[in-house]
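Chemist: Protein chains in written order, with the working numbering: chain A, 1 to 598; chain B, 1 to 598.
Don't read these hints as lab results, they were simulated from the structure.
On a predicted model such as this, the values are computed, not experimentally measured, just so you know.
Any copy will do: because identical chains look the same in the list, a pair fits if it lies in one copy or spans two.
Here are the computed lysine-lysine pairs in the DSS-like style, where the Cα-Cα straight-line distance is at most 30 Å: (1) K190 with K225; (2) K319 with K225; (3) K180 with K225; (4) K190 with K180; (5) K336 with K319; (6) K382 with K283; (7) K35 with K547; (8) K334 with K283; (9) K225 with K283.
2 protein chains.
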Amino acid sequence: MPSYNAPIRDMQFLLDDVLQVDRFDNLPGFSDAPKDVRDAIMTEAAKFAEEVLQPLNRVGDLHGCTRAEDGSVTTPPGFKEAYEQFVEAQWGALSGDPEYGGQGLPAIVNLCAIEMLAAANQAWAMYPGLTHGAYAAIHAGGSEEQKRTYLPKLATCEWGGTMNLTEPQCGTDLGLIRTKAVPQGDGAYKISGQKIWISSGEHDMAENIVHLVLARIEGGPEGVKGISLFIVPKFLVNEDGSLGARNAVTCGGLEEKMGIHGNSTCVMNYDGATGFLVGEEHKGLRTMFVMMNEARLGVGLQGLAISEVAYQNAVAFAKDRLQSRALREDQQHKDKPADPIIVHPDVRRMLMDTKAFNEGARAFAYWTGLHGDLLQRSPDEKVREKAGDYMALMTPVVKAFLTEFGSRGCNDALQVFGGSGYVEEWGMSQFVRDIRIALIYEGTNGVQALDLVGRKLAMNGARPLMSFFAEIDEFIAENSSSDDLKPFIDGLADARKRLDAGTQWLMNNGLANPNEAGAASTDYLRLFGYTAFALMWAMMAKAAYAKLAEGVDDETFYRNKIATGRYFIDRMLPETAVHLTKIEAGAESMMALEAEAF
Amino acid sequence: MPSYNAPIRDMQFLLDDVLQVDRFDNLPGFSDAPKDVRDAIMTEAAKFAEEVLQPLNRVGDLHGCTRAEDGSVTTPPGFKEAYEQFVEAQWGALSGDPEYGGQGLPAIVNLCAIEMLAAANQAWAMYPGLTHGAYAAIHAGGSEEQKRTYLPKLATCEWGGTMNLTEPQCGTDLGLIRTKAVPQGDGAYKISGQKIWISSGEHDMAENIVHLVLARIEGGPEGVKGISLFIVPKFLVNEDGSLGARNAVTCGGLEEKMGIHGNSTCVMNYDGATGFLVGEEHKGLRTMFVMMNEARLGVGLQGLAISEVAYQNAVAFAKDRLQSRALREDQQHKDKPADPIIVHPDVRRMLMDTKAFNEGARAFAYWTGLHGDLLQRSPDEKVREKAGDYMALMTPVVKAFLTEFGSRGCNDALQVFGGSGYVEEWGMSQFVRDIRIALIYEGTNGVQALDLVGRKLAMNGARPLMSFFAEIDEFIAENSSSDDLKPFIDGLADARKRLDAGTQWLMNNGLANPNEAGAASTDYLRLFGYTAFALMWAMMAKAAYAKLAEGVDDETFYRNKIATGRYFIDRMLPETAVHLTKIEAGAESMMALEAEAF
Chain A
1 MPSYNAPIRD
11 MQFLLDDVLQ
21 VDRFDNLPGF
31 SDAPKDVRDA
41 IMTEAAKFAE
51 EVLQPLNRVG
61 DLHGCTRAED
71 GSVTTPPGFK
81 EAYEQFVEAQ
91 WGALSGDPEY
101 GGQGLPAIVN
111 LCAIEMLAAA
121 NQAWAMYPGL
131 THGAYAAIHA
141 GGSEEQKRTY
151 LPKLATCEWG
161 GTMNLTEPQC
171 GTDLGLIRTK
181 AVPQGDGAYK
191 ISGQKIWISS
201 GEHDMAENIV
211 HLVLARIEGG
221 PEGVKGISLF
231 IVPKFLVNED
241 GSLGARNAVT
251 CGGLEEKMGI
261 HGNSTCVMNY
271 DGATGFLVGE
281 EHKGLRTMFV
291 MMNEARLGVG
301 LQGLAISEVA
311 YQNAVAFAKD
321 RLQSRALRED
331 QQHKDKPADP
341 IIVHPDVRRM
351 LMDTKAFNEG
361 ARAFAYWTGL
371 HGDLLQRSPD
381 EKVREKAGDY
391 MALMTPVVKA
401 FLTEFGSRGC
411 NDALQVFGGS
421 GYVEEWGMSQ
431 FVRDIRIALI
441 YEGTNGVQAL
451 DLVGRKLAMN
461 GARPLMSFFA
471 EIDEFIAENS
481 SSDDLKPFID
491 GLADARKRLD
501 AGTQWLMNNG
511 LANPNEAGAA
521 STDYLRLFGY
531 TAFALMWAMM
541 AKAAYAKLAE
551 GVDDETFYRN
561 KIATGRYFID
571 RMLPETAVHL
581 TKIEAGAESM
591 MALEAEAF
Chain B
1 MPSYNAPIRD
11 MQFLLDDVLQ
21 VDRFDNLPGF
31 SDAPKDVRDA
41 IMTEAAKFAE
51 EVLQPLNRVG
61 DLHGCTRAED
71 GSVTTPPGFK
81 EAYEQFVEAQ
91 WGALSGDPEY
101 GGQGLPAIVN
111 LCAIEMLAAA
121 NQAWAMYPGL
131 THGAYAAIHA
141 GGSEEQKRTY
151 LPKLATCEWG
161 GTMNLTEPQC
171 GTDLGLIRTK
181 AVPQGDGAYK
191 ISGQKIWISS
201 GEHDMAENIV
211 HLVLARIEGG
221 PEGVKGISLF
231 IVPKFLVNED
241 GSLGARNAVT
251 CGGLEEKMGI
261 HGNSTCVMNY
271 DGATGFLVGE
281 EHKGLRTMFV
291 MMNEARLGVG
301 LQGLAISEVA
311 YQNAVAFAKD
321 RLQSRALRED
331 QQHKDKPADP
341 IIVHPDVRRM
351 LMDTKAFNEG
361 ARAFAYWTGL
371 HGDLLQRSPD
381 EKVREKAGDY
391 MALMTPVVKA
401 FLTEFGSRGC
411 NDALQVFGGS
421 GYVEEWGMSQ
431 FVRDIRIALI
441 YEGTNGVQAL
451 DLVGRKLAMN
461 GARPLMSFFA
471 EIDEFIAENS
481 SSDDLKPFID
491 GLADARKRLD
501 AGTQWLMNNG
511 LANPNEAGAA
521 STDYLRLFGY
531 TAFALMWAMM
541 AKAAYAKLAE
551 GVDDETFYRN
561 KIATGRYFID
571 RMLPETAVHL
581 TKIEAGAESM
591 MALEAEAF
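Can you build the whole structure from these sequences, using the hints too?
Modeler: In C-alpha cells form, the structure reads like this:
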C-alpha cells in the first residue's frame, strides 16, 4: 500500500524563501497568514491528507461509485465520513471571500492544502475541487442574491458544485451545445438536455449540489454567441435558505473509467429543471471560463500532486529493494545479498527526472497562484495588470505541462517498481490510471496549446509574453555576476533565446497559415514550460544560495535543492532545442497526407 | 468497441520490396514461401486475428482468469475455443524445425502472423508466444530425447510452455535464485521453490504445460554460476508420449494486474516436482537466454502491434468525430456542424508520430527478424556471423525502443479520443494498460539499455556495432547521388554522426567510471533506436521510389510511404540531438545526491 508524506518543507521553502510571501503582508488576507499560521495550516492539512484521505485512495479505486435505480449515487466506503470531517474543519473555506463564508486567506496558502488533498486522493479531492470552482464562478458572475444564497454553503462544501459543459456531440466545441433553456417569465428558466462526463455530478456527501450548466436560451443566436450559464440546484433553495423541492435533474448513469473510480462521473439528465441565469443572457461562457481557469490550475496541480506521491513511493521502493550490484565497486553494499536499486544510475535517472520536475512544477504552480492573489488583492493597478496577464498566459502551460510530465513521472515511478509496479496491490498502477484523465479534462492538452499560441500570445498586444521576457531579462541582469548562479543563468538565457526564436517563427508563419501555428502549438507549449521551469529553478537556486550565505542549520536541504536544479539544467532543459527544431520544421510534413492515407 | 485490420499491405511492402526476401530463395524454407504463399498465410492469419481473437480482447479484459481452490485456472470465455482453432490450423508450427513438428517456413513470415495475433489480443497471444519461446530453448539446449518428447507438441501448441525465472527476492538479478533442485540419481531432479509472475503459468487451454525453470542444484556454486535449467512438465510424459502422473507443480495464486487480464499471471509453487536438466549443470542461463531473446523480440513486436491497433482506432475516431472548425477556412466542411478532428494539426501530430513510429518499428523488427533467419539458415559463415552479431546488438533496442514508443503511441491514440479515451467501453484504456507491461517484462527497458551499453557494444571487439556503421555508410555512399533520397540520406548521416559521437563518449568515459555508462544508457539506446529507424526509413523510401520509377498502379501507397518518412525525418529524428546532449552531460548531476536526499 502506498503512503504519502506532504512535502511541507518544500512548500515552506517556496512560500518563505523563494516567493517570500511575507512581502505582501500589506494586502488583505496576507497579514492573517504569517509564517506560523501558514505552517500550522500546512501541518493540519497534511495530517488530514495523510491519515484520512490517503488510506481511502485504494478503497475508492476498488469500490468505485454505485448508482441506484432512482439515480442516487453512493460514494466508496469512508468517503462520506472524510467529507464530513472536511466540512467540519472548514478546509474548503480557507481562501474564500469573507463576505461570503470564506476565511479570506491568500489562495497560495490554499494551494498547498489542495496539492495535499489531490496527492492523497485525487478522486475524493475532485468533489471539493469542483465546488471551489463553482464558488469562483458565482462569485465572479452571480447576482448579489445568488451570492448570498449559494456561496456560504459552497465555501464550506456543505453543498457541492459541478460544471456542466459536455454533451455527447459537444466537447471542445461549445458552440455545439444543444441543452435548452426556456424562460418561465418569473426570472427562472426550464433547462432540458443531457450533459455527460460530469465529475461529482451526483453523490451522497453533500446535502445539496449546485450545478453550473451551459445551455442555449430558446431563440438566441447560434454557436458560442448564444450560450448562457445557469445555476441548477439539485434541491431548490427557499427564501430562508432551507432546502425546498427536488429539482428535475438526475444522474442517468455512471461511466466506467480507466481511473478516478472514487469520483462519480455522471450522465446528467435535465428534464425541465429549474435554472437561474448567471450574468447576462448569451454571455455565459465568460463566467464559465472563470470556473474553467480555476479548474485548469487545479488540474495542473493534480499532475504535480500525483507525480509527487508516486515519486515518494518509488523512492521508498528503490531504497528497499535489493537487486544486482552497483556498477562501481566502491558503492556496493557487500554485507547485503545485493544493492538497493537506488544505486543504479538508470533508476536515479527516473527518480531525478521526477524529483526535478516535481519541484520545478510546484514552484511554477505556486508562483502562478501568487499572481492570482495579486490580481485579486493588490491595490496597484500595474501589479494587477501584470498579474492578470500572467494568469491568462500561464494557465494553459500549468495545465498541460504539469499534467503531461506528471503523467510521465507516475509512469517512471511505476517503472522503478519493475513487475511490482504492474500489480494493482502496490498502487502504482492506480496513480498512472488516475492521472491519465488530467491530460484530457478541462480542455485537452492540445486545446491548451492552441489556447496559448492562438489566444494568449497575442492578447493585449502581446503584453503578457513581453512581461515574461522582461522578468527573465531582469533576473538575468541582476544575477549575471554571480558565479554560483552561472549555470542557472546560462541555462535560462539559452531557453529564453529559444523561446524567443520559437515566438518569432510563430509570428512570421502562423498568421499567414494558421496550420503552422497549430502544428507548432504543442512543441511551443513545451518550450514555454521548460523556459518557465528554468526561471523557477534559477529563483530557487538563488534563494538557496542566499540561505546558505546567511548560515542555516539545515544546509543539506539547500545544497540538495541546488543539486536538483543542476540536474534540471544539465539533463532536462536541453529538451528546448528539439522543441524549437520541431516548431521550425513547420506544418508541411505534418499535413502532407490526405485523410484517406491514415 | 475497437476493431483491427491487419496491415497486410505494409507487411507486403516490407517483405517484397524493402527486404526483398525472394533474394533468399536458395535458403531452406524460403523456397517454400514465395510471394503467393506468404500472401495466403497473411490473409488467413489476418482473418483469424480480426475475426476470432480481436472480439475476445475486451472479453479477456473484463473477465480475466479465475483460479479454483485446487489451483486450476480458467481462462476468459472464448479463449479456449480460439486456442483450439489455433492448434487445429497449426499456426504455432509455421516456422518450427521440420525435424520436430515444424513447417520450416522463415521466421519472418511467422513474424507477420505474430504481430497480428498480438495486435488483436495481446493477453491471448502470450499463451502461444511463450510456448514458441519454450520450443526455441529446448531446440537450442535440449537432448535429442527431450526434443523428440516435447518439441512436436510445443510446435503445434497442443502443449503450452512457460519460462520460470522470477522469485519474490529475485527479478533482474538471477544470481539470487533460491529454487532448489535435488538430483534423484535416475537423471531426474526434485524441484522445490516458488516462482512468481509466471505468464500463462496455469490454464485450461492446453493438455499439458511444459515449464522451463531456473533452479540451483544443491551444492552448486553461488550466484549466476550455479543456475541450471529444467523442464518441469505439468503432466509427466510416458515413454510412448502419452501423459502420465500429475507433477507437483501448482498455481498458488493469480496476480491482479493493470492489464493483460486475459493472461494468467501465476504464482507457481514447486513442491518437489520432477524436473529434467536441460544441457549442462550450472549452465542453465545460456539456454534460458535463447528463450529470453526470443521473448524480447516478441515483446518489442507487442509494442508495435498494440500501437498499430490503437492507432487504427484513433484514425477511425478522428475521421468520424466532428468538433471545432479547421484552422484554415479552405479546409472547413461547411456542410457539417463542425469538422472531423483529423483536420486539426495537433491531432495530425499525434497520428503522424504514431504512424511514422509504427511503420519504422515494423521495418526494424522484420529486418532484425530476417537476420534471425539468416543466422539459422545461411550456408555462408560471414553472413551468419553478421546475423548473429546483429541479433545480439538489436535485440535490446527492439525490445526497449519499440515498447517505449509503442506505449507512447497507445497514449497518443487514447488522447485523440479525448474524454472517450478515458472511458473503458471505447477500448483505448485497455491498450494503454495492456502494453504498459511490455516496458517491464523480459528485462525492464533500463536493463535492456544496460545490456546494450554494457555487453553488446563491446562484444566481439565491437564488431556488431562496426558492422552496423558500415552498413549505414554503404547505404549512404550508394545513394548519395539521389536527389529523391537526399533528405533521408542527410537525416541518416546526421543520426549516424551523433550515434558515433555518443559511442565515442561512452568509450572515453564508461570504462573509467561505469556509472557514466549507466547514466548514459537509456539515452544511448534511444539514440541508437532513432538511428536504426533512420536507416529503415531510408531503405523504405528507396524501395518506394524504385516502385514509382517502375510504374505501379497504387502510386498513392508509395507516395504516402515517402511522405510519412519525411515526417519522421523532419519531426522525430531531431530527437537524436537531445539524447546526445544528455549522454554528454555525464553522470555527475544524476548521481550527486545521497540516497537520503530523495
